[in-house]
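Single-letter residue listing:
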Amino acid sequence: MAKILVVDDEVEILKIFQQFLAMSGFDVILASGGREAVKIIKSGVAIDLMVLDLVMPGYPGVDVLNEIKDAGIKLPYIILSGTMELHDFIDDLKALGCPRQDIYSKPIDLKELLEVVKKKLSVSS
Amino acid sequence: MITRFRDWRIGRKLFTGFGVIVFFLVSVGGYTVLSQIYIKDKARVVESRDFYCVKLTTALMEIVLRVCGAVGDVFATGKEGALEELSIDQEKFHILASELKGLISNDAEQYAALKDVERKFDVYCDISKRLVNSFDGEKFVDGKDTALEFYRLDQELRRQLNPLSDEYIARFSQSLGNIYDLADNAERVNLLLAVVTILLGMLIAWRMTRSINSSIKQLIVGTENFANGELGYRIHILSKDELGQLSNSFNWMAESLAQSIDDIKVAADKWETVFINSFQDWVLICDKYSKIIKANNAFLDTFKIMPKAVAGMTYCGIVRGLQAADCLCPDEEAKKTKKETVTEFFEARLGLYLEAAVSPILDNSGDIAKIVLIIKDITSRKEVEKEQRLTQLGRLVSNIAHEVNNPLMIISGRAQLALLEDPKDENLKKNFEIIIKECLRAKGYIANLLQFSRPSKGEVESTDINKMLEDIILLVEHQFALAGIEINKHFTKGLPFIMVDAKQIQEVCLNLINNARDAVSTQKGKIDVATSLEKGYIRIDVSDSGPGLTQEVINRMFEPFYTTKKNGTGLGLSISYGIIKAHKGELKADSAIGKGTMITILLPIDRDKENDNG
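Residue numbers (the numbering used here), protein chains in the order written: chain A, 1 to 125; chain B, 126 to 739.
Worth double-checking, as some hints may not be accurate.
[To be verified] Quick look at which bits of chain A chain B covers, simulated, 3 or more residues with Cβ under 8 Å:
(1) 19 to 33
(2) 106 to 112
[As the list claims (entries may be wrong)] Simulated pairs of lysine-lysine, DSSO-like, Cα-Cα distance not exceeding 30 Å:
(3) A:Lys118 - A:Lys39
(4) A:Lys120 - B:Lys562
(5) B:Lys706 - A:Lys94
(6) A:Lys118 - B:Lys554
(7) A:Lys119 - B:Lys628
(8) A:Lys15 - B:Lys555
(9) B:Lys549 - A:Lys15
(10) B:Lys554 - A:Lys15
Derived from the structure by calculation, the hints contain no laboratory data. We put the beta carbon where it would ideally sit given N, CA and C, even for glycine.
Chain A on its own, in the form it takes in the complex:
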């Protein structure tokens, strides 16, 4: 059973993803902020995919990516953001080598999300 880490500062959103992904047969881990996500990742839990929000107070998504990159951890991820138009983040993501097709905008169609997740998992495995 693939393990998916969902990172978002909005608890309601976490709840929705948890419910939906669990229904779809995934093992879901939740992190309500960047710092928590990094802690979970670094704790050595085997994670197959991370669904990452960009704009989070104190510890934005880009910082999470930078942190795990620095830690030498390779983790497949997709970006799901309320806005991806904030220039800095776009540039940062480019610098991190994040392909454009891995960036998605909220609100997302859950079926579409499922497809993306499945596709991403099949590629990474």
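For chain A, the structure is supplied; the task is to place chain B on it using the hints.
Below, chain B alone, put in the same frame as chain A:
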């Protein structure tokens, strides 16, 4: 140059005038004294001769009377006494007679008469002595004849002496009369001289006063004129005297002053030229009618005008090709308020944003003497400001998007979860579907808003602009035809492919064509889409036959949220502007009321090269 007159005319005039008066006064005095001496002299002569003659004659008469008396007194004095008296009188008579003879010696007739009288007196005395001798104590013994002789001689002597006396009295009166005449004459001459002196004095005083007065008047008029700054005025020199000299000196002073002022003006003018030429901005010095007096090199070079040719022209005339009355000149407000103003405006003919600092220079009475305009090209600043505004707004929209999209995610997520549970109620199902759909619509709107904070983030690809436009027109043609709008293509064939974000450029072109449609929709007009090659750029012109735009609309049309349409968002053109700018291109509008509108896109063929250069 100053001229020095050698002579001191006023001093000499005064001296001469005074001298003449003194001379006349001395003359009057001298004449009086001399005439007095003369008259006195004459009087003395009269006194010593004529009057003395009278006196002597009278004395002679007295002696005759006394002789007669002595004879009669013999009764009292006695014979001896009477004889002695007679002898004394006889001697006295001769002394007086000879004295008188001396006085009248030059008159032979008188002299002879007097001698005759003397002779008769001697006879008379002899008879008298005879009578006395004949006195015997009671009566004269000598006879009657002697007495008669005595009496006759007495009468004769009296008869002869009387006319002599009369004669001398007459002479004396005449001499006295002569002296009175002399005195009268002297008096008349004196009076005449006095009158002449007074008249002459008055004449001289009047002449001199008049001459000095008119010179002083000229001086006063002249100095007043100089004081009023009329240094070209020259005092009319009436006389070559000290006042003339003074006037001349004043004239010279005015000339020197005028020269100095000219020198100062020239120096000030030179300094002004050097000063205004040190500005990179345009500097204009205008008169109160906005006519240019001087412009600096920056201005002259821009408009290729010679420094001399610019004088008398106006800013509006040179820059806008308009009469000042037909347009709002940058100095209008400053002229009204007489205060410094700073205004920003778009100079459509030059395609530049300008900032004009206008300073009116007031004269002493508070009226405008000159106007100084310093005009700065602020186009690049404006462009930066515009882009900054777009970026700031982009950030704002981006933040709003984040804040709105998260709740939208929750709403639509919950609805989707609800649907996943497959509710039996069709109505409920439909409600959830509507919620999801509307969330997506909101997302679409926000995505649209976000567009313009996106600086060329998409993938660039080699694009055939003609083909792209062809596709767009194909899409809208039918719809436009139905609305009675004609759309024409004027494409230049063989344009190079350029690297652009095709989707974005397509969006921009569609936006422009839709705007053109909106502009002509009420008149069923036509739209022209043209492409051409222009100095390293591909040019796309979208023109319409609509009513055209005012200058104000042109100035503001690229601002976000500025719209003239009833249901417009005011974002279309500003998004387009952002996109074209992100492509290092240009988006500009050319329009006038009644002449339609043409929007032009310029896209660089080689963007990176352009980037390097820029």
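#### Entry: Non-conforming hints, listed in increasing numerical order
none
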